[in-house]
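All chains should be built: construct the whole structure from the sequences, respecting the hints.
One letter stands for each residue in the lines below.
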Amino acid sequence: MQKAMKKYFPIFVLPTLIAFVIGFLAPFVMGIYLSFCKFTTVTDAKFIGFSNYQKSFDPIFIHALWYTAAFTIVSVLFINVLAFTVAMLLTKKIKGTNIFRTVFFMPNLIGGIILGYIWQLLLNGVLQNVGRTLTYSSTFGFWGLVILMCWQQIGYMMIIYIAGIQNIPGDLIEAAKIDGATPRQILKNVTIPMVMPSITICTFLTLTNSFKLFDQNLALTNGDPSNMSEMLALNIFNTFYSRPGYEGVGQAKAVIFFILVAVIAIVQNYLTRRKEVQQ
Amino acid sequence: MKKFNKATAMALSAAMVASMAGGIVAQAAEGDAAGTGKVYYLNFKPEQADQWVELGKKYTEETGVQVDIVTAASGTYESTLKSEMAKTDAPTLFQVNGPVGLASWKDYCYDLKDSELYKALKSDDFALKGENDEILGVAYVIETYGILYNKALLNDYCALDGAVIKSADEITSFDTLKAVAEDIQAHKDDLGIEGAFTSAGMDSSSDWRFKTHLANLPIYYEYKADGIESTDAIKGTYLDNYKQIYDLYINNSTCEPSLLSSKTGEDSASEFALGEAVFYQNGTWAYNDVTGNDVADEDMGMLPIYIGAEGEENQGLCTGSENYWCVNKNASEEDIQATLDFVYWVISSDTGKESFSKEMQFVTPFSTFTDADLPENPLLKAANEYIAAGKTPVAWCFTTMPSEEWKNGVGNALLEYAQGTGEWDAVKTAFVDGWASEYQATHAE
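Protein chains in written order, with UniProt numbering: chain R, 1 to 279; chain A, 1 to 445.
Hints are computed from structural coordinates only; laboratory data are not their basis.
Certain hints may be false.
[Stated by the list, open to error] Have a look at the derived ranges for each label pair, beta carbon to beta carbon:
1) A:E354 <-> R:V130: 47 to 57 Å
2) A:N251 <-> R:F204: 50 to 60 Å
3) A:E359 <-> R:P15: 23 to 33 Å
4) R:V263 <-> A:D89: 34 to 44 Å
5) R:Q54 <-> A:A389: 47 to 57 Å
Every residue, glycine too, gets a C-beta built ideally from N, C-alpha and C.
Structure follows, in structure tokens:
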């Protein structure tokens, strides 16, 4: 069996490898090269060095950077705290937990663009009562996005937390109870350390998802008013398409964006991993 | 177990090879079918997507030449074109929207100087020229915009006691337009309407009516006063007029200015089509969107957009084109020839002309079209009446706006001004300073 695995390993890995090279590696290398070029179509580029990077840091991009950072912090906190709370509730012995779990998970199955438009209608309907719309100011857009992302992501993160909580051996909690620990102490000293792997995954997912958010941003506010609710990914997209000759700058921003997301993800992974305990 | 593994592996790899080979074979067959060159047109106008496909099929039936016509979704033409042009089977025929669009694509444009298509043009005004006078683009449709109005509702208003005017013909200046619009707004309940103007929506489906089409007027008058056709730095001489007309739109409309940011093009079109508003700024292309509702065809009229500039009583509607055909220089010789043959067939054969004028409702700048080929569109008739009456059409100077980014800047500032979160000065800055900086940004090497 072992021998057969070794023998046929290249054949089995080949389709995935080809797909990975075509779908990821090639565009990635090409993208980095293009960020140093001036071009209209991607096959017809002229090398110009670093000038795209010099043009990258325009005021709107800087604003998008802070706006995205603020959004990420707020939504990571909200989503994880709420998802964990819901997961705790739904691992208690109440009737119909399965139905609740399904219902909470469902928003995640709807695509971002559709969700964006649905929430735009809903929120505009509410704001209409005070004579405002979602794109009246970037604050509305910000909280609109937070609400939308919470609604979409809490269910998904909840499933991961539930899996983590159910994996805690019952005797650990029982032992803690016998030793006279209060529910709060159990939560702090047993449950949370034991679900640390889930926390790592969930913070990683919410962090990168919020940072890379595009469709929801496009559908909900499209950056209005005055690009003030524009997040990084949308800013890159708009740079690429709205000015002739700025395709390379958009590409350079995308490379900067990639480095940023990679650094943040690695740091986050390192920090939460350190807290994980062996069972 | 071992045997099973082997069999599975064999089956899987066989399936993989088969699917890849299948793809290659299919592609080869496609290439062979068109030995004499083929046409691939990336169409800009989504309103006519189906008619184009139909027309392409008819051409293939008649001549056997393969014609593929793809229409980019609304607002995604540039992005679709950018990715399509990078492919091996790139479009042989594509569109640019004027001098600024041409700037990105000039290296891809075939010189049409010797083509039948260019020779059929009535005037050189409808061609886009390169630095050495090569013909890089040819306009294929002429369009007109202004302020659409509902004749029945306006007549109702004229019949009111104390109406400012007695007939629509009296509106020949901004002052009259303003007086009428404000009076209609004041009497909207008597007239059973929601407002004088349809909502000036600043959603991306509608904001181009103000940041591009309406902004054309101050630019047109400035160019005219300075005797130029384009500029690297606009002065904004007529910005106060721009403010006047925009104020009129937002203050005498069906909705509160603070709600404008989410009003769409459809909102506006339906308000006009359902007779909820009298005036609606749009163009001849809007006919299909509004016809067949509460407004009868004979009740649709069009007024020039008066902004209070001197000599505007002789101003006509805004007529021009932002649809230019370009042929891809990098396509193979046969494909270029096939494309040129196809476009000439479209504008000269009976089938092509019929489709253009009857189905797509295009007015063209080609000498192959006669008066008998004019489409049945009341808005086009209104446009022709203005020309017949000797009014000067307003040129489409917005094709010289430096970039999309500039338009977005102006649009954003307009919206903030409308909803009260910004000042008019911001519009000025976006208009004047934005022009200079965008011009520099897009012209820097």
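Kindly indicate which numbered hints from before are broken by the structure, ordering the numbers from low to high.
Hint check: 3 fails alone, others pass.
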